[in-house]
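Colleague: These protein sequences, in sequence, are chains A and B.
Using this note's numbering, read the first sequence as starting at 4 and increasing by one per residue.
Using this note's numbering, read the second sequence as starting at 1145 and increasing by one per residue.
The set of hints was computed from the structure by calculation and includes no laboratory data.
Keep in mind that the hints are not guaranteed to be accurate.
Partial pick of chain A residues on the chain B-facing surface, computed with a CB cut under 8 Å [stated by the list, open to error]: (1) Lys348; (2) Tyr391; (3) Ser392; (4) Met393; (5) Tyr583; (6) Pro584; (7) Glu599.
Fair warning: this is a prediction, and the values are worked out from it, not measured in the lab.
Ideal placement from N, C-alpha and C gives every residue a C-beta, glycine not left out.
Residue strings, one per chain:
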Amino acid sequence: MSERAATVSPPEEHTEEDAQNEQEPDARSGSEEPTPEPVTSGAQAVVRALENAGVEYAFGVQGGAIMPVYDALYDSDIRHVTMAHEQGAAHAADAYGIVSGEPGVCLATSGPGATNLVTGIADADMDSDPLIALTGQVPTEFVGNDAFQETDTTGVTTPITKENTFAADPDRVGDDVGEAFALANEGRPGPTLVDLPKDVTNADTETEPGEPETPDTYEFQERADPEIVAEAAERLENADRPAMLLGGGVIKGEASETCREFAIEHEIPVITTMPGLGSFPEDHELSMEMAGMHGTGYANMAITHCDTLLAVGTRFDDRLTGGIETFAPDAEVIHVDIDPAEISKNIHADYPLIGDADTVVSQLAEAVESSPEATKWRAQCQQWKSDYSMAYDAPEDEPVRPEFVVEALDEATGDSAIVTTGVGQHQMWACQYWTFTEPRTWVSSHGLGTMGYGLPAAIGARLAADDDQEVVCVDGDGSFLMTMQGLSVAVREDLDITVAVLNNEYIGMVRQWQDAFFEGRHAASDYNWMPEFDKLAEAFGARGFRIDDYDEVADTIAEAVAYDGPSVIDVHIDPEANVYPMVPSGGDNGQFALTEDQL
Amino acid sequence: MSGGLDGPAPEERPTPAGRRNEQGIRIDPEVEVTHEPRRTVISALVKHEPGVLAEVSGLFSRRQFNIESLTVGPTTDEDRARITLVVEEPDPGIDQIKKQLRKLVPVASVRELEPDAMQRELALVKVDAEDPAQVAAVADMYDATAVDSSPETATYEVTGSRQKIEAAIETFGQFGIREVDRTGTTALARGTDETTGPTPAEASVSAAEEAKQTKYTADDD
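All chains, full assembly: derive it from the sequences and hints.
Modeller: Structure, rendered in C-alpha cells:
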C-alpha cells in the first residue's frame, strides 16, 4: 500500500483518467476507492481484469513463464496463496468456487506447472465448477519449438475446459481474461483457461481491459418453454408416486430454496444426487437423502418406484442411475437443465425443460395448481426409511466404526460446517452419515473421483467460508497421502481446518471391490503400513491427534475442532468396514445389497 | 467383520413392471422403438479462428460419434467458417451431436440439413493411362475434367454427389488407380432455406412466436 501511495499520479494525468472514466461511467461513481494506476504491461492488464471481476484470492505456484503475472500481482490487493503443488492450486480454486459461487482462480507456469493443473481442471469440468486457470507459456517466438518447459497447454486442456484461449495480443490479453471469467460462471459453469506467453505479459500496453463479455456465439436459455411447463405441471398434479431428484445444478443455480418450498408445499419426497447434497435439508421428513451406487436404500426404492420424477440440474451419471433399463422404469421424467445437451443424453426426458434451475422451478411452481394426491406413496416412502434404516452396530470393544466418526464430527460442528473429502470409502461414509442441511457445504470430487482432493479443497473452502463456519476435511489415508504437502500451506496461512483421516491402511474402496468381485485378492490395495499422520502433522507445524478407541472420539474431535489452526486427526478405524448399501456397477437401483452376500 | 445393514433382502422387495431401453426411453411394449443408424449432413457455422477445427474433431473422437467426412472453409463473413459434417448415427446420437457441437463456445450455429439439400464432393483420380482414349471415354461419362496428364498417368477432377464419385472411382478402377484424393461432402440448403438458419419447421414456429410477441407488445403499449 505504501508503494502505491508513493506513486500517486501527477495532476496532469488526471485529465486523461477522467477522459477514460467518461467512457466507463461506472468506474468511479459511488466509490471512494482511489483510481487504480493505469496498466503498463500485458501482465498488469491480466491482473486488472481479475481485480475488475472482484477476485479476492488466487491460488498458485510460481515459475519462469508466469513470473511477469506474479510481478504484477505483487502490487495488487488480490491475496495470493502459494500452494505446495499446482494440483492443489486447482483444487483449492475449485473449492473456492463451489463455496463462494464465484469462479476460483489458479495460476501455474508453463509445462509441468500447467500439466499439474490438469487433474484439477478436469475435476472442475466434470463437476461444472466455475474455475479460471491462468498458465504461463514460453514466449510466442519459441512456441512450437519444444522450448524449455513448453507444453501445448491449450491443446492438452481443450477436452477438459469449457473454453480456453491462447493470448496472442498484449492489447487484448486483459479482455481474454475478463472473457474467461465471464464464461466460467455464465450458463452452465465450468473451467476456462488462458494461456499467457511470457512475451505477451511482458509487453508494453496501456489498453485497460474492457467490460467483460462472453463471445457472441455463446448463449443459454433462461426460461423453459411455457407449453412444456404446463404439461409437466399437469403430470405432477396427477402423479400417484411423485419424487424430486435434485442435482448439483440446483446448488449452482441458487435454486435450493425454490426447490425446497416447492417440495414442501406439494409434499413431494426429495432425493438428491451426490453433488446435490445440501440442496434439501436431510433432517426434513420429506428427505430421502442420496440415491445411487452408495445411496440410501430408501432413496433408491423411491427413485425405482416413482411414477413421476422431477429431476433438476442432474446429468444422470452412471453412478446415480445404475443400469439404464432399471432406472426409474415406471417414471415419466421431467428434466430441468440449463444445458440442452444433458436432456435425453442418458435418460430420456418426457418433459424437457431447458433453462436456469431457479427460473424453471419457479415457472413450475406457478403452473402447478394442486398437489398430487399421494398419501399412500408418502407413507410408503416413510416405511422404506424405517425398513432400510442406515443404523449400524458399533460394539464398544471392537475397532471404531467410520460411520460413528463422521456422525461425531457432524455433531461437533455447526449446521453450516463445510465438509470436503477425498475419494473412496470415507467419501461415501461422509455422504451417508453427515446430515447436510445447507447448500454449498458439501465440497467433493464427484465426476472425476480425484483422490487427494480433500485437503487442498479445504484450503480453498476455508478462504471462501464465513469465519463462523467450521471447515472439516473427511479424508482417507490413501487420499491424504496424495496431497498432504498442502498442510504446509494451511500452517503458513494459519487456516482453521480440521482433517480427519479415516485410516484403514487400505485403498479401502478397491479392497471392498476386491473382496466382492476379485475373490479377495488384495492386489496393490493393502498398504499394511501408513505413516503416523498425527506426528507428520506436528512436523508440519499443525496439531496432530490420534484416535484408536470409541472413548477417545468425542473429546479428541472437540479439541481438534476447537483448535484455531490446522489440525489432523489420525483415526484408526475398523479396517474391514465396508460401505453399504451398494448397487453394483450397472445394476438395478432397487436391488441394492445391504451386505456382501447380497452382491 | 464387514458390517452391512438390516432390511428386506433384494428378493423380498417389490420390483416395478417398467423397463427402459438403451437410450433411456421407457419401453412401451405396444410400440417398441428401435433407432437404426442413418447418414445425415450437419452444417455448423463457427468462429474463424485457430483451434476450432481441433475442438470439433476432438469432440467427435472423445464422444465416439461416428463421422464419415468433415470439410471446413471460409464464408463471406470473414469472422465465420463453415464446417460440413457427414455423420452416421441413430436419432438420439444425431441429436447429441447437434447439441454437443452447439455447446462448443466458438460454434455459432448448428443445423441438420434436409435430405434434399445440395451435396457435392470433389475427387482427384490419378489413373494409369495406357489407353488414353478409353480413359477419356470414362471421364466423359462422369463429366470429369482432365487436370494433368503424363506419358503414364492421367488425372481427372470429378465433382458431384458422393454416389457419383464412388461410381466414377469404381469405373476408373478398370485402368488401375494410382492415387485418389476426396474432399468430403460440402452442402447447402436449397432455395431460400438458409443453411445457417433454423430448419423450415423451426422457422415456422419461431415466426409464429414472433407474431405473438409483436401482438403482445402492441397490446401492452
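Colleague: Which hint numbers doesn't this structure obey?
Modeller: Nothing - there is no hint that the structure violates, so all of them hold.
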